[in-house]
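**Student:** Given chain A, put chain B in place with the hints provided.
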Amino acid sequence: MSTKNIEEKQYLLRFKCDTKSHLTVLDHDVCMTKCPDKICTVFCPAEVYKWEGTRMQVGYEGCHECGSCRIGCPYQNIKWEYPKGGHGIVFRLA
Amino acid sequence: MSEKFDVIVVGAGPAGSACALTCAKNGLNVLLIERGEYPGAKNVMGGVLYRKQMEELVPEFWKEAPLERPVIEQRFWMMDKESVVQFGYKGLEWGMEPYNNFTVLRAQFDQWFAKKAVEAGALLINETVVTECIVENGKVVGIRTDRPNGEVYADVVVLADGVNSLLSKQLGFHKEFRPDEVALTVMEVINLPKEKINDRFNLEDNQGCTIEIFGDSTKGNLGTAFVYTNKESLNIGVGTTLSSMIKAKIKPYELLDYLKTHPMVKPMLAGGESAEYLAHLIPEGGYRSVPKVAGNGVIVVGDAAQLVNAIHREGSNMAMSSGKMAAEAVVKAHKSGDFSESSLNSYREALNSSFIMKDLEKYKDAAHTFEKYPQYFNEYVPMMNKAMSKFFTVDGTPKREKQKQIMKSVTSERGTIRVLQDIYRAWKAVK
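Going down the list, the sequences are from chains A and B.
First residue of the first sequence: 1, per my numbering; consecutive thereafter.
First residue of the second sequence: 1, per my numbering; consecutive thereafter.
FYI, nobody ran anything at the bench for these hints, they're computed from the structure.
In this text, all values refer to a predicted model and were calculated from it rather than measured experimentally.
Zero decoy hints are in this set.
Taking lysine-lysine and the BS3-like style, the derived pairs with C-alpha atoms no more than 25 Å apart in a straight line are: (1) B:Lys372 <-> B:Lys247; (2) A:Lys84 <-> B:Lys4; (3) A:Lys38 <-> B:Lys175; (4) B:Lys25 <-> B:Lys115; (5) B:Lys266 <-> A:Lys4; (6) B:Lys169 <-> A:Lys20; (7) B:Lys251 <-> A:Lys50; (8) B:Lys63 <-> B:Lys52; (9) B:Lys386 <-> B:Lys404; (10) B:Lys249 <-> A:Lys38; (11) B:Lys332 <-> B:Lys25.
For reference, chain B alone in the conformation it holds in the complex:
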């Protein structure tokens, strides 16, 4: 298969398919390579897909894509051992066009999305591992695969090879990641009849709900858990930074079972049937972990470029946008015939001026702050629960007195100055 393409895209996830689709629509000769049996076979996501960035690639995709439910309610839980403080938002406007986001099952969604790239003219080859980039005179000129005579050449190679991105590491774009730069997340898909889901989550057929759970869901470690509603199943998962898991000697599947049997969670799952168990890493190093993303003849997109906003659980949307921006840089380079790093750096500039790098910059200190100061998860969440319990328990104490007692218990547990420091630090990390 010693052929030459205009562009080779490695990996048919959201970033890769977005890039392949946009390149193909612009008349380029595109090869899209996937190592799985089919696109999605190796991919895992909690399940929230955002409408905005997807719509820019496939207008009105919700009319044809395999989606689960439009999310009309987002809940946040601060969970202790036998209690939970909740807040959230539910709005019917999210249940109608143009929607805000959807729950999806990725093995199905990714196949559909890659098919859109194929319909636009890209050539998709599955079951093929790209083992290395072919570099000649300091320029990436193609790829080597694990197929016999598996060299293929192109003007540009786009690396959409996911969180582990062995290929961009090979090129020296980044060193091996540290355990605090990735989150290890495990989840289960649990089948449950539609009626049960609707009743338990107070939903109609075509309405979905997401719950993000902090605190005891990770036993106080830096991370979150989630429960998302599909049509006839729930996705329930939990993750922490790999460094927290190592430090606390946590077995991830035991943490998942702890969550599933937690008294605040268990009734939601009752009678459910486990259908799949999945583990995956999420790149959560943020702004400071984004590697070099453009070189001579090569561009890096999506998880491979560490483009994830962990605070807002946004990743697939950044993947799609980065894939599209990469494609636009490739199309521009194709017109000028210049595939050098300085030409392809128009992609980096596009990233910088978009929501992607702006949002990552906003939270550049967040992961580090919360990793270094675990009190936000393991002390304040229980404190909030105690405070709410105290405030809402009617026991004859006047409300003003209750407020005083709550304030006093908070400052006596952590000390007034430390509380003020904690508040200032958290505000600085997310402002």
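Same shape as in the complex, but just chain A:
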């Protein structure tokens, strides 16, 4: 089957998860008070960011490590590092 949504797409991938997040929202208040669009929850290609009413939930385990959130956050509010060597996403094909 060809995938129809992000859950099915993410399910195709292999991840070697670290126990510690390589993505950190620096100040959840900034998301809450200054950022009505919460645009990271829209453009993140893996739906890593989910707004939960008062704070941003960061599902770093499904991250593609593309860097969009670091560049696209209007408040430079995301600290972005690489996962520990050998961890994170493992592309098998393209």
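**Tutor:** Relative to the frame of chain A, chain B by itself:
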């Protein structure tokens, strides 16, 4: 691992492996560091690899490298909601030696390419993140990794750490990129039997086809989509500048699903099985976004140096060439014993006089023009479709009258002067 190498290359993608291979062939002591489980584990590409620049590194590589299909046909689609204007070129000469380009799957290709560097004598270490360059007295002297006691020293450090290049940012070679300087691209690999691909794309077993799709593929935003044929799968992807995605509030995977279910695209994929989903940034700032590429004891290559020609979807070839040029500068510096910025700047000069900077210079205004004036994607593509439909629909109207009607509808939609301005602007941006 407190050792000293002649050169440390950070990142085993096309730029890094090209550099490591060339340095090793010239007898240098090379360390190639990769953060993924294996080279290619973190790398994504739509899939077109050009023969020319690869051949300069590994002669007749097509006899041994894991390639998919030689591309013998390149199609371009200007797509509207229920129609498409097509043009393209198909030539059998591209299907035989020396070939023009190939589709590849990067996770396999990159492992093979890094192995060539290892066979030439480079030491490859996987699963290691370089966290920073070690700088002493204004000179890069080595790297710090995320391994215990993970400092390693070298005369030169080559940063081939990809589009995000945190390391060259750390050194102050560039500021954080703006959302209009990068394109966010998502793709899927969709498995499909060989026979189906051959039938649907009018190909033989060892012939490939690429389709670049403009217009409704990005819902009129600045970007493109593509469908590339592998041996037994298709790569289908779509990307726009991150700034367009933010402005239009697009979810990239929804845009991909929109493309996959578009009536002009859907039949190509019918019966296919999704095998992988991938997202990546492409550096598309062009000429004006190229950072400082040489400093004391350090050189920047490939995507890390923003060397991508988005108009011609060339990137991996520029990565390889820049990696090779960097290696040549390092070899020269090794002979003279001078690893200063002024010595390593011979790399910048080589870049400048090559096709890389010449092509980037040619299109230096293109991204900006098309970002600022979105009508090329969201107005002219639909207009072209309407014009072709009108011209080729036989309804008893004389052809000369049809031409008049088409011209009139174009100028009434946008205004004669604006049409002339648009044409002049587009010509200036790509001339």
